[in-house]
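Q: Using the sequences provided together with the hints, build the complete structure.
Protein chains: 2
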Amino acid sequence: MNTKQKGTTAERDLIHMLQDANWAAFRAAGSGSSRYPCPDIIAGNSMRKVAIEVKATKEKRKYFPKQEIEDLKTFAFQFGSEAWVGIKFQGKGWFFFSLEDLKETKGGFSIGLDDAQLKGFTFDELVKS
Amino acid sequence: MNTKQKGTTAERDLIHMLQDANWAAFRAAGSGSSRYPCPDIIAGNSMRKVAIEVKATKEKRKYFPKQEIEDLKTFAFQFGSEAWVGIKFQGKGWFFFSLEDLKETKGGFSIGLDDAQLKGFTFDELVKS
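Chains as they are written, first to last, in the numbering used here: chain A, 46 to 174; chain B, 46 to 174.
In case anyone wonders, no lab produced these hints; they're calculated from the structure.
Treat the hints with care, as some may be off.
Claimed, not checked - Calculated lysine-lysine pairs in the DSS-like style (CA-CA distance at most 27 Å, straight line):
1) B/Lys118 with A/Lys173
2) A/Lys118 with A/Lys148
3) B/Lys173 with A/Lys118
A: Now the structure itself:
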């Protein structure tokens, strides 16, 4: 699988996990290609709405272009939702991060598996927090 | 244009109208084809979230299969949003209806241009109500 396919599979998995947890969850059409930025996944229940940028990686650290995080922030502010980054680290599973927990790098942001224990939310923590 | 193309054009128009009114608005991917029902358009701002089933018609009355309205109701309840039907009547423009204002028919529901004046919301009324 190439990176794009891996991302799509991860998105689909996460949507099913959210739906199994009784959230409404869906992929936004035109995510990544629209004039108005749109995150990969949007989910909600009667109490909360979340916008999630989704990644799958074999590496121990994931990098984000600055624009991608800015777009997520902009969308979440306008839509009125929380903003999360969800990363499936191969062999380690899913971790979810608030944008303020991302580390600023020269060209953008990054988050690593070493940050997951301290700052990452597991899926159960995400949906129950 | 066939019915499906007309529907897609209407959806795109409505998304732009919502975005111009400073709402985040997008089409849900897999709308109409997913195991979990998903409406045509979802939009929100810091105060409100709306799920909209979108139609365009040349006729004076539009009919909805019962399942389509049930699916919209189910989604909106689970997602925690308002549920609306948005119809673009050719030559008359957009009207938006609450589900309780649809008329029950034998096989589902209907709403007509004759209902629009009394029960329909214009676009401005929808985004400002």
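Q: Which hints, by number, does the structure contradict?
A: none
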